[in-house]
Amino acid sequence: MKLCSAGASLGTIISFSGVFMSIIELKDINFSYGPSEERVIKSLSLSIERGECILLEGPNGSGKSTLFRILNGLSLPDSGTYYFDSRLIDKKYLKSERDAKVFHKEIGYLFQNPDIMLFCASVYDEIGFGPRQMGLDDVEVDKRVRDLLKTFDIEKLADKAPYHLSGGQKKKIAFAAVMALNPKAYILDEPFAGLDRESCEMIGRLIKNLKLMGKTIIIASHDESDIGELADRRLNIVELMQD
Amino acid sequence: MIPDWMKEDDNYVSPKDGGTFVIKTIKSLAHLMARIKVQKGHEKKRSMPVLLKLILTLLAILTIAISKESLSLMAIGAVLLLYLATWPGEDIASCLKGAVIAALFTALVMTPAMLMNPAGIRNNLSLVLRVFLSVTCLNIFNHTSQWNHISLAMRKLHIPRIFIFTLDMTLKYIVLLGNLIEDLLTSMSLRMVGKNTKKYGSLGGVMGVTFVRGNELNQMMYEAMQCRGFTGDYNQF
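Those protein sequences? They're chains A and B, same order as listed.
The first sequence begins at 85 in the working numbering and counts up by one.
The second sequence begins at 6 in the working numbering and counts up by one.
Treat the hints as calculated values from the structure; they're not laboratory data.
Glycine included, each C-beta is placed from N, C-alpha and C at the ideal position.
Each hint should be verified, as a subset may be incorrect.
[As the list claims (entries may be wrong)] From the structure, some residues in chain B lie toward chain A, with a derived Cβ separation under 8 Å:
1. T191
2. M193
3. M226
4. Y227
5. A229
[Said to hold, decoys possible] Which stretches of chain B does chain A cover? Using the computed rule of at least three CB atoms under 8 Å from a CB of chain A, they are:
6. 8-19
7. 176-189
Between the sequences and the hints, there should be enough to build the whole structure, so can you do that?
Encoded structure:
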């Protein structure tokens, strides 16, 4: 197991005694896509503190997206343990509909391809989908949507169909839709891909502000220049695996 | 820049929804896609060329169709079941499932005829058996052969290229659009954190996006073909 800071090591030690310092704690995770398939994740251990911003690096096919799927509970590891906010995320936990929904509300996932995140008739409905699911009243849903439209400077797009917009605009809408749930942790898969320089700077400022507010952020990006000083730690997924 | 409501964590408790339709749909779609893409089966273990398998399957179906003796049908059935007995249980079940459904459907369609003409029950039951055996043959072939190998085998049998091309394209689009639907439902499930009162509306959105995407892919592929010299004629090479 490779832990990247003394704090992380302490977090791991304390976590085994029942008190959790970290928001995300992965211990000796192994994963393959089938019994006869090669392991994609091998003995991966990782500890992420609350409010940390992590830049996850690694070549194509190294398992970054698979790790993100595990972190979001979309795939379950073959072996190893995953704790999120001191809760063991396993098959039993995710089988409980209520627990799974609370977990998904607390961890927001921005997919690399925004196309697969947009299915509503208008941008307004797309951003409002999550808050409506949470059972917020119409006034609160409207406030959240309007605030996020303003934050991402896409107010003019509110009534447009998301599917016919440009790649950069779709990315912003998808990010806004994730933020509308107000999650504790953000998993951002290539958040700068397909964005122009101005939009990259805007998303960079946004991530910085999220970090200042104490949100935990994990970013996968190939372009380090976009992340700049945002990341507290840079982790290479290949180095995180023991085998 | 950041809205005020984001500065504090929501004290959120999810209401009970009672519907896990999205998760179930994702699982069944993923299973179907995995079968089409990987075609998990016995091809690695069985060394018989796909061309030979295709010819044998066609011959078997022809024999089943023209056979007059129920004894010969039962003999073919026994051979097929013996062959299937060497497979793992899960594969046997998935192979026989379609055949049983097809046979039951045939039996259902034949029921009025059997009730109105009890003397012809034997022939009607023979038809049900023929359907069961034919679908089992096809399932065995499908289960033990990869799509690309089937296309190659069909080319060797001089089946018209336009037919093979259409089949290949259909399979390609089933996989592409199936993956898109699976991804859309997965991202939807991540944001379905409470009670969804508009389940069918959400599913309608997924269907609409898939239709638009299918249309776009179709247009893009046609333009790409034009760029590579396609003039509307499928030539034999």
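These are the hints, each one checked on the structure:
1. T191: With a minimum Cβ separation of about 6 Å from chain A (threshold 8 Å), the hint on T191(B) holds.
2. M193: Status holds, d = 6 Å.
3. M226: 17 Å, violated
4. Y227: Given a least distance of 20 Å, the restraint on Y227(B) is violated.
5. A229: Because about 19 Å separates A229(B) from the closest Cβ in chain A, which is outside the 8 Å limit, the hint is violated.
6. 8-19: holds (count 9)
7. 176-189: holds (count 3)
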